[in-house]
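All chains, please: the whole structure from these sequences, using the hints.
Start counting the sequence shown at 13; every next residue gets the next number (this note's numbering).
Simulated from the structure, these hints should not be mistaken for lab results.
Check the hints yourself; a few may be wrong.
Label pairs and their computed distance ranges (CB to CB) [to be verified]: (1) Phe-37 with Gly-76: 43 to 49 angstroms; (2) Ala-43 with Gly-76: 42 to 48 angstroms; (3) Leu-63 with Thr-35: 49 to 55 angstroms; (4) Gly-132 with Leu-63: 15 to 21 angstroms; (5) Phe-65 with Ala-23: 18 to 24 angstroms; (6) Arg-120 with Arg-73: 31 to 37 angstroms; (7) Pro-93 with Phe-37: 43 to 49 angstroms.
Just so we're clear, the structure is a prediction, and the values are computed from it rather than from any experiment.
We put the beta carbon where it would ideally sit given N, CA and C, even for glycine.
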Amino acid sequence: LEVPKLGSDQADYFGTAIDVAFTAFVATQLATQSGVAQPDGGEPSADLAGLDFKITMSVGRESGTWMDKSWAASGARLLLPLQCSFTGDELDLGFPGEEALAGRYCRRLDCEGGSFVGPGGTVTVACE
13 LEVPKLGSDQ ADYFGTAIDV AFTAFVATQL ATQSGVAQPD GGEPSADLAG
63 LDFKITMSVG RESGTWMDKS WAASGARLLL PLQCSFTGDE LDLGFPGEEA
113 LAGRYCRRLD CEGGSFVGPG GTVTVACE
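In structure tokens form, the structure reads like this:
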């Protein structure tokens with residue numbers, strides 16, 4: 013196979029342009045997935061910094077599961093409200109391939125924990 017020079021009469025300028033564009037695209041994707049480059053200038057796709065919200069965890073027996081029959085046998089549920097907020101700190105998720113889901117970089121989520129009232133009084137739950 014002989015490749016003609018770009019300055020010759022037999023040069024394939026369109027094919028060469030397609031090859032260059034494909035090579036650049038693949039190089040960019042590999043650099044992003046390996047963490048060498050960050051998509052969109054390194055900014056997460058949604059700016060959630062400063063967003064405060066509350067999540068209530070509902071812990072208890074779920075029907076149709078393989079839980080031990082003695083676990084949560086009373087049927088009561090533990091409701092644990094957690095106060096959370098997104099910070100401006102950017103985190104690298106540490107694994108490639110998440111570019112299709114807005115990238116491998118995200119904002120840090122802080123959780124202050126919560127508390128509930130148990131048989132022994134108020135129980136504070138730390139959240140890390």
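Quick rundown of the hints versus the structure:
{"no.": "1", "hint": "Phe-37 with Gly-76: 43 to 49 angstroms", "in the structure": "46 angstroms, holds"}
{"no.": "2", "hint": "Ala-43 with Gly-76: 42 to 48 angstroms", "in the structure": "45 angstroms, holds"}
{"no.": "3", "hint": "Leu-63 with Thr-35: 49 to 55 angstroms", "in the structure": "40 angstroms, violated"}
{"no.": "4", "hint": "Gly-132 with Leu-63: 15 to 21 angstroms", "in the structure": "35 angstroms, violated"}
{"no.": "5", "hint": "Phe-65 with Ala-23: 18 to 24 angstroms", "in the structure": "60 angstroms, violated"}
{"no.": "6", "hint": "Arg-120 with Arg-73: 31 to 37 angstroms", "in the structure": "33 angstroms, holds"}
{"no.": "7", "hint": "Pro-93 with Phe-37: 43 to 49 angstroms", "in the structure": "47 angstroms, holds"}
Of the numbered hints given earlier, the model fails hints 3, 4, 5; all others are met.
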